[in-house]
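Novice: Take a look at the letters that make up each chain.
Protein chains: 2
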Amino acid sequence: MENAMLTLIQSRTSYRGPYASTPVPRADLAAILAAGLSAPSGCNKQTVSLVAANDPALLTKLKAAIDPPIFPTAPAVIFVLSRPVNAYRDKCFAVQDYAAAIENMLLAIRALGYESCWYEGHITDDDRIDLKLAALLGVPKEYRVVCALPVGKALEPPRPAPKKPYAERAWFNAFDGEEAF
Amino acid sequence: MENAMLTLIQSRTSYRGPYASTPVPRADLAAILAAGLSAPSGCNKQTVSLVAANDPALLTKLKAAIDPPIFPTAPAVIFVLSRPVNAYRDKCFAVQDYAAAIENMLLAIRALGYESCWYEGHITDDDRIDLKLAALLGVPKEYRVVCALPVGKALEPPRPAPKKPYAERAWFNAFDGEEAF
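Protein chains in written order, with the numbering used here: chain A, 1098 to 1278; chain B, 1098 to 1278.
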C-alpha cells in the first residue's frame, strides 16, 4: 500500500486532452468530494465548499461560460468555492485551504482511474469567468469560485510536464546542502 | 489500491503530540520530499524548494528558534521554501504551489507510517521566526520559509479535528443543491 500511494502521488500529471463521454458514477464523484473536504484547513476554519456538476444541461451552460473552452468534453466538473475568512487576527489561509483540497481531489481522481487538471487562472483572471459560473451555480456572494476540476476517463495518454531535477530543489540540512536524490 | 488511497486521504489528521526519538531513515525523508516536489504548480513554475533537517545539532538550533516550541521531540523536520514569482503578468500562484506540495507530503508521511502537522502561521507570524530559520538553513533572500512539517513516529494516537458534516459543504449541480452525502 505504501509504495502504491507514493507512486500515485508521483505519477499524477495534469491532463488537458479530450475525455470519453462516459458519465462518472455519482459514488465516484462523492468520494472525490469527500477527499477534498478531508484536507486540513488553517485553524480548522473549513473555508472550502464544493459543487460537482454532472447534469448535462447545466454542464452545457457552465462550459459555454468559459471562453476559450478548457474542458469541452468532460462529463463532470467539480467547482471549488472559497470563503476567505480570517483564521486569526488578519491572517487568512483560505488559499492554502483550497489548494490542499484541490490536491487531495486530484489524487482521488487519479486513484479512481480518471484524469483532471487544476484550472484556476482561466476562471479567476480579469475577465472574471468565475462570476458567470457563480451565477449559474447559485453561489452566495461570500464565496468565490476559485477552481474548476474536470473529471472523466482520458482518451489520450497524459503527458507529464517537464520538471527541474529534484536534486536542484531539495536537500538535507541546508539550502543547496546534502544531496537528497 | 484505490480504496487504500481514499482511506489514507480521509484518515489523515494533524498530530500535535510527542514523537518517538527513533530517527527517520533517510530514504523515507527523500520519498517524502519527492512527493512534495511532484505536486503541480501554476504554469509549471516550480516555486517550491525543500530542506529536510535531521542533523541533531542543527535540529536543536532550529527548534530553539521556535518559541513557543511546537515540535520539540520530532526527529526530523521538513522546511518548505517558496519563491514567490509570477506565473504570468501579475498573477502569482506560489501559495497554491506550496500548499499542494505540503498536502502531498502530509499524505506521504502518513503513507510511510509517520505523523505530522502543517505549521505555517507559527513561523510566518509577526515575530518572523521564519527569518531565524532561513538564516540557520542558509536560505537565499528570494525564498521565504513558509512552513515546517515535523516527521516522526507518534507516541500518542492522533485525534481527528471535529468537522462540519460534509453534507453542509458539498453538493451536486448547485450551491446547497442535490445531496452528495
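Don't read these hints as lab results, they were simulated from the structure. Check the hints yourself; a few may be wrong.
PhoX-like mimics (lysine-lysine), calculated; alpha carbons at most 20 Å apart, straight line [claimed, not checked]: (1) 1229(A) to 1158(A); (2) 1260(B) to 1142(A); (3) 1261(A) to 1142(B); (4) 1142(B) to 1238(B); (5) 1142(A) to 1142(B).
Novice: Between the alpha carbons of residue 1142(B) and residue 1238(B), is the straight-line distance 20 Å or under?
Specialist: holds, 18 Å
Novice: Is residue 1261(A) within 20 Å of residue 1142(B), Cα to Cα?
Specialist: With a Cα-Cα distance of about 10 Å, the restraint between residue 1261(A) and residue 1142(B) holds, given a limit of 20 Å.
Novice: Check the hint pairing residue 1229(A) with residue 1158(A) against an upper bound of 20 Å on the C-alpha distance.
Specialist: holds, 10 Å
Novice: Are the Cα positions of residue 1260(B) and residue 1142(A) separated by 20 Å at most?
Specialist: holds, 9 Å
Novice: Need the status of pair residue 1142(A), residue 1142(B): alpha-carbon distance at most 20 Å?
Specialist: Between residue 1142(A) and residue 1142(B) the Cα gap is close to 29 Å, so the pair fails against 20 Å, i.e. violated.
In terms of the numbered hints stated before, the structure departs from hint 5 and from no other.
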